[in-house]
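*Asks:* Each chain is listed here by its residues.
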Amino acid sequence: MMKDAVLEMRGIHKRFPGVYALNNVSFAVRKGSVHGVIGENGAGKSTLMRVLSGAFLANEGEVAIDGNVVAAPTPERMLELGIAVIYQELAQAPHLTVAENIFLGRLPKTRLGMIDWRRAEAAARDVLDRLGFRVDPAARIDTISVAQRQMVEIAKATARDARIVVLDEPSAVLGDAELEHLFKTIRQLSSEHGVSFIYITHRLKELYEICDEVTVLRDGQVVASMPLGQTTTPDLIRHMVGRELRDVFPARPQPGDQIRLDVRNLSRAGVLKDISFNVRRGEIVGICGLAGAGRTEVLRAIAGADPIDGGEIRIDGQLVAIDGPRRALAHGVGLLPEDRKTEGLFLEQSVAFNVTVSELAPLTRGGLINGRREHEAVSRFIQQMRIKTPNPSTKVRTLSGGNQQKCGIARQLHAGTEILLVDEPTRGVDVAAKREIYDLLAELTSKRGASVVMVSSELPEILGLCNRIIVMREGAISAVFEGEGATEETIMAHAVWQ
Amino acid sequence: MVEMTTGQGLASRPGSAGRLRGWAQSLGLLWVLIVLCAFAVYLSPSFIQTGNMLNVGRQVALFGIVSVGMTFVILTRGIDLSVGSIVGVVSVATALMLSSGVPIPLAMIAALGMGAVFGAINGAGVVFFGMPPFIMTLGTLVMGRGIAMTIANGEPKTLGDASDAFSYLGSGFLFGIPVPIWIFVAIAAAAFVILRHTPFGRQIYAVGSNTEAARLAGINVPRVLMLVYAISGVLSGLTALVFVSRLTVGEPTAGTNLELEAISIVVIGGTSLFGGEGGVIGTVIGAAIIAVMANILNLLGISPFTQQIVKGAIIIAAVMFEVYRHERRS
Numbered sequence: 005m006m007k008d009a010v011l012e013m014r015g016i017h018k019r020f021p022g023v024y025a026l027n028n029v030s031f032a033v034r035k036g037s038v039h040g041v042i043g044e045n046g047a048g049k050s051t052l053m054r055v056l057s058g059a060f061l062a063n064e065g066e067v068a069i070d071g072n073v074v075a076a077p078t079p080e081r082m083l084e085l086g087i088a089v090i091y092q093e094l095a096q097a098p099h100l101t102v103a104e105n106i107f108l109g110r111l112p113k114t115r116l117g118m119i120d121w122r123r124a125e126a127a128a129r130d131v132l133d134r135l136g137f138r139v140d141p142a143a144r145i146d147t148i149s150v151a152q153r154q155m156v157e158i159a160k161a162t163a164r165d166a167r168i169v170v171l172d173e174p175s176a177v178l179g180d181a182e183l184e185h186l187f188k189t190i191r192q193l194s195s196e197h198g199v200s201f202i203y204i205t206h207r208l209k210e211l212y213e214i215c216d217e218v219t220v221l222r223d224g225q226v227v228a229s230m231p232l233g234q235t236t237t238p239d240l241i242r243h244m245v246g247r248e249l250r251d252v253f254p255a256r257p258q259p260g261d262q263i264r265l266d267v268r269n270l271s272r273a274g275v276l277k278d279i280s281f282n283v284r285r286g287e288i289v290g291i292c293g294l295a296g297a298g299r300t301e302v303l304r305a306i307a308g309a310d311p312i313d314g315g316e317i318r319i320d321g322q323l324v325a326i327d328g329p330r331r332a333l334a335h336g337v338g339l340l341p342e343d344r345k346t347e348g349l350f351l352e353q354s355v356a357f358n359v360t361v362s363e364l365a366p367l368t369r370g371g372l373i374n375g376r377r378e379h380e381a382v383s384r385f386i387q388q389m390r391i392k393t394p395n396p397s398t399k400v401r402t403l404s405g406g407n408q409q410k411c412g413i414a415r416q417l418h419a420g421t422e423i424l425l426v427d428e429p430t431r432g433v434d435v436a437a438k439r440e441i442y443d444l445l446a447e448l449t450s451k452r453g454a455s456v457v458m459v460s461s462e463l464p465e466i467l468g469l470c471n472r473i474i475v476m477r478e479g480a481i482s483a484v485f486e487g488e489g490a491t492e493e494t495i496m497a498h499a500v501w502q
Numbered sequence: 002m003v004e005m006t007t008g009q010g011l012a013s014r015p016g017s018a019g020r021l022r023g024w025a026q027s028l029g030l031l032w033v034l035i036v037l038c039a040f041a042v043y044l045s046p047s048f049i050q051t052g053n054m055l056n057v058g059r060q061v062a063l064f065g066i067v068s069v070g071m072t073f074v075i076l077t078r079g080i081d082l083s084v085g086s087i088v089g090v091v092s093v094a095t096a097l098m099l100s101s102g103v104p105i106p107l108a109m110i111a112a113l114g115m116g117a118v119f120g121a122i123n124g125a126g127v128v129f130f131g132m133p134p135f136i137m138t139l140g141t142l143v144m145g146r147g148i149a150m151t152i153a154n155g156e157p158k159t160l161g162d163a164s165d166a167f168s169y170l171g172s173g174f175l176f177g178i179p180v181p182i183w184i185f186v187a188i189a190a191a192a193f194v195i196l197r198h199t200p201f202g203r204q205i206y207a208v209g210s211n212t213e214a215a216r217l218a219g220i221n222v223p224r225v226l227m228l229v230y231a232i233s234g235v236l237s238g239l240t241a242l243v244f245v246s247r248l249t250v251g252e253p254t255a256g257t258n259l260e261l262e263a264i265s266i267v268v269i270g271g272t273s274l275f276g277g278e279g280g281v282i283g284t285v286i287g288a289a290i291i292a293v294m295a296n297i298l299n300l301l302g303i304s305p306f307t308q309q310i311v312k313g314a315i316i317i318a319a320v321m322f323e324v325y326r327h328e329r330r331s
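Residue numbers (my numbering), protein chains in the order written: chain A, 5 to 502; chain B, 2 to 331.
It cannot be assumed that every hint is accurate.
To be verified - Using 20 Å as the maximum straight-line C-alpha spacing, the simulated EDC-like pairs for lysine to aspartate or glutamate come out as follows:
#, chain 1, residue 1, chain 2, residue 2
1, A, Lys345, B, Glu328
2, A, Lys35, A, Glu84
3, A, Lys345, B, Glu213
4, A, Lys277, A, Asp310
Stated by the list, open to error - Some chain B residues well away from chain A (every beta-carbon gap over 12 Å; in silico):
#, residue
5, Gln50
6, Leu175
7, Gln204
It should be emphasised that the hints constitute simulated quantities derived from the structure, not laboratory data.
We put the CB at the ideal spot given by N, CA and C, even for glycine.
Let the hints inform the model, and build the full structure from the sequences given.
*Replies:* Next up, the structure:
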């Protein structure tokens, strides 16, 4: 047993029908430390945190705070004991202000029982200032950025005097600069105020930047738990996947000479300024930049998801007028959207439904969809792309992030997309699935001659995969590099204002 | 269903039996229906007499046809409150056409066309003006009833000489079974095939599951929405024809509160008000449940006023169950 443990989870078992989500999980967090928790999707991280927050009741095992076993771990009780969980998908009231969210349920009142707005905002500003967050307490939640919302959640936890704060993949929604700021806050709160953090992430690099200890989960079990100084990245990856992962990136594709997609002076008022670039056959072009630089908007404009104010798009030399996603698909241009859950997939529908929905004509005879033909087509994709699903009629909601993403890519392939626009294809996806997605993109370009435009916030994957790299800043292209030889530093230098 | 046992050792994952669960849900509903029928027989053996069964069957058919259209609309996460009023307008118009000597086939086509136009107006409001379906169809509900009352002068309209010839649709028999039941079976079967086995059916589920994802997947969302409201309108027109034929009179009040019956049938049938889930099998069973329930309340000698209270409670219970299911999942 750890001496200065503020939190101990001992022998936690959690079973769901058909799934052993947590199997004898034990780990401890020291006071004032930052404890990383890593593992592939489905390894049990979220379940463990839900047990900690009181959202799930464990079948066996106990949670001890300051050495005292919590008798009835309800969400209310855990909150009282100072545990705050900040989920990736934030639970906020979008129409309320920042101050209201911070003090939700405990807003200061005037003597007449009315809410004392002035005091609430002042108190909120106080909390935010102390953390160094530049967020207007009077702003409505739906008017601020995702990064700022994350800050509001942290402020809320601090205002509640939380002693153990769980951060669920904050880097999935934060840009680099914002993440740096978050780290500063974490360091400050842990060293000066003795707050402990549990930091869930998919990005190993962050572990070394911010964490003191790390616990690795695999298939619902703890496979390693140790101070970070005693381990290396290859070790951690081996623990996570149970096998070695070398050469994370496949060989860069060899593009042909033929220009497939030619974008000229693409503009959209206030969003995109004079975007011009081209993509050759068999080429992967990366677009990077800070959050809000217009990366997603470029892809959406080309895919017809958003209207444009000006500019030309040529495909194989032909000028095309793309007035919507349907027209784009007809020209072989497909978008894998940034948020697969809200824009990409039909979560309540089956794998087969999701894969074939864009192109049902080849499966249709006499007006009716041929079930056998569809089953065969989808099974082929499941096999080729190694989509882990019991069968084609499984609901997509039950798949892991990586497999959901593969379903999205399969839809594009089934629809015959030749110019694939992928937006953050590996967000919220585990290490092994990431690698499979890289392989897929490389294979698409080298074997099928497809052209890929990839937006990503993870510079290593842009650097490792792309033939050319476009850097964006404030809605415009600020630099273009050859993939070979570019570095994170040179890219960042063009992504930020100097 | 055969592939349930294959897969890669993951078959026990929750949700892997999505389609199976769909069937199980229909099966559960079927049990409710069977228990209700058994209860009805226990209350009064006359329940299973042919005369009573045919009455129940007619009831199922009348409410069922509109409910099939409502199923299409609700699957897209919409609602159509105007169905009852469309029945009223088309009823009066059909009576006026027939009594003024318009040939029966022509009058029928015109009636269905009117239903389609009404539906298209609903669809246009939702698609092109971004009206919430609830508000748009609430508007046409009120307007429709007003139009029916205006053209009928507030009075029932007789059919004139066409009366006898036209009564077959609502009162006739084919192979010993009332014609409306045949019509309903045909409509339900067609709807089943459309929803389960055609690209259009897939697109309906796609739009209802996630409208933005449907748009990005290249689905013509406006077209899908226009069509489902038009279908609902056509089926309302068809219901009006059966009504008029059965009563041999065009009532401007025909179909009053029919939207509520239809919505409760669809919801009891397990189609999600949140769109994208459910289907026409549930709606058929739902229509039967509602009709048998009404029959039981009659057999028990419960007053029509009390019946309304019971019916309202059942609708609330069904929706509560649906909301609970939805929340538990997300």
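*Asks:* Please go over all the hints and tell whether each is borne out by the structure.
*Replies:* Okay, the hints, checked on the actual structure:
1. Of the supplied pair hints, the one linking Lys345 of chain A and Glu328 of chain B holds, its CA atoms being roughly 17 Å apart against a limit of 20 Å.
2. Proximity of Lys35 of chain A to Glu84 of chain A is assessed by CA-CA distance (about 17 Å); at most 20 Å being required, the pair is judged to hold.
3. Distance hint between Lys345 of chain A and Glu213 of chain B is fulfilled; the C-alpha atoms sit about 11 Å from each other, no more than 20 Å.
4. With a CA separation close to 15 Å, the supplied pair Lys277 of chain A and Asp310 of chain A stays within the 20 Å bound.
5. Every CB of chain A is more than 12 Å from the CB of Gln50 of chain B (nearest about 40 Å), matching its label as outside the interface.
6. No beta-carbon of chain A is positioned within 12 Å of the beta-carbon of Leu175 of chain B; the least distance is around 27 Å.
7. Not every beta carbon of chain A lies more than 12 Å from that of Gln204 of chain B, the smallest distance being close to 8 Å; the non-interface claim is violated.
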